Amino acid sequence: MGGKNMKRLIMLTMILGTMSTMAMASAGHEHQLSFIPKVVIGENRNDGEDIDFKVNGFAGFNADILYGVTQNLEMGINLGWSQYDVNDTFGVPLKEVGEEIEKEIGKTSDYSVKWDKILNNIPLIGVVRYNFNELDLVTPYITGRAGWSFGKASGKISDQYSGVDYDIKAEIQGRWIAGIAVGAEYENLNVELGYQVTKYKLTVEGNVNDKAVFDESEKDEIGLIYVSLGYRFE
Numbered sequence: 007m008g009g010k011n012m013k014r015l016i017m018l019t020m021i022l023g024t025m026s027t028m029a030m031a032s033a034g035h036e037h038q039l040s041f042i043p044k045v046v047i048g049e050n051r052n053d054g055e056d057i058d059f060k061v062n063g064f065a066g067f068n069a070d071i072l073y074g075v076t077q078n079l080e081m082g083i084n085l086g087w088s089q090y091d092v093n094d095t096f097g098v099p100l101k102e103v104g105e106e107i108e109k110e111i112g113k114t115s116d117y118s119v120k121w122d123k124i125l126n127n128i129p130l131i132g133v134v135r136y137n138f139n140e141l142d143l144v145t146p147y148i149t150g151r152a153g154w155s156f157g158k159a160s161g162k163i164s165d166q167y168s169g170v171d172y173d174i175k176a177e178i179q180g181r182w183i184a185g186i187a188v189g190a191e192y193e194n195l196n197v198e199l200g201y202q203v204t205k206y207k208l209t210v211e212g213n214v215n216d217k218a219v220f221d222e223s224e225k226d227e228i229g230l231i232y233v234s235l236g237y238r239f240e
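Quick note: the sequence shown uses the working numbering, first residue 7, plus one each step.
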């Protein structure tokens, strides 16, 4: 009798354990706070008319901080850092402008031209993620995001000619960012394929003796297709 009771007890324990595991699985990430750091690789698409950033390969780091609103729905924020090469489409044209000015008025000892070759972008983004029902331990999901981009790069040409100081300043500044992605999660490992658009503002300003003589600005959009790999910590 003792042996039979022990077997029943073991069987009951196994059943309860299985039921508990199933209950946890069905609960998803409801009422859970998750942290998902990611590394991103990508390539820029549909280059803007006035701005063209080089991204081909490593595209930065970011992390989702999510809260489970329901079994399937998570909401939160995304923080990150990315780095774009703006030398060819921002710095080099600025240098060419300076060279044209040199031809017109001559180069003096006060002449200088400098620019940022790299734009460091720090986005702050709101995230909505929907997790579909688990399929063979893999949970497919879709996510949408939108927020602000705080990247900036600048350049300046300055000189003095016949007692007159002049300078030309140019600046690229991030405005907003939005994107959509699909992914899959397997044992906390997240793989994601997405597309995002970032809007930037390009401003060019000319000054003579610190007085503005022209000030122009344009807005442009840069697209990025990317793949990210992350891991969920709860």
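Accuracy of the hints is not assured; some may be wrong.
[Claimed, not checked] In silico SDA-like links for lysine to any residue, alpha-carbon gap of 25 angstroms or less:
hint, residue 1, residue 2
1, 120, 44
2, 120, 153
3, 44, 137
[Claimed, not checked] Across the chosen pairs, the derived CB separations fall in these ranges:
hint, residue 1, residue 2, range
4, 78, 158, 20 to 26 angstroms
5, 79, 216, 20 to 26 angstroms
6, 201, 144, 19 to 25 angstroms
7, 237, 141, 15 to 21 angstroms
8, 38, 146, 15 to 21 angstroms
9, 38, 216, 19 to 25 angstroms
Hints were generated in silico from the structure; no laboratory data involved.
Quantities reported herein were computed from a predicted structural model and do not represent experimental measurements.
Glycine residues also receive a C-beta, built at the ideal position from the N, C-alpha and C atoms.
Here is how each hint holds up against the structure:
1. Distance restraint check for residue 120 and residue 44: the Cα-Cα separation of roughly 34 angstroms exceeds the 25 angstroms cut-off, and the hinted pair is therefore not satisfied.
2. Restraint check for residue 120 and residue 153: not satisfied, since their Cα atoms lie roughly 31 angstroms apart, outside the 25 angstroms limit.
3. Taking the CA atoms of residue 44 and residue 137, the gap is about 18 angstroms. The hint holds against a cut of 25 angstroms.
4. The hinted window of 20 to 26 angstroms between residue 78 and residue 158 is violated, with their beta carbons roughly 38 angstroms apart.
5. For residue 79 and residue 216, the Cβ-Cβ distance of about 54 angstroms falls outside the hinted range of 20 to 26 angstroms, so the restraint is violated.
6. Evaluation of the 19 to 25 angstroms hint for residue 201 and residue 144 yields a pass: the beta carbon distance comes to about 22 angstroms.
7. Separated by about 20 angstroms at the C-beta atoms, residue 237 and residue 141 satisfy the suggested range of 15 to 21 angstroms.
8. Between residue 38 and residue 146 the beta carbon distance is about 19 angstroms. The supplied range of 15 to 21 angstroms therefore holds.
9. With their beta carbons about 57 angstroms apart, residue 38 and residue 216 fall outside the hinted range of 19 to 25 angstroms.
The structure fails to meet hints 1, 2, 4, 5, 9 from the earlier list, while all remaining hints are met.
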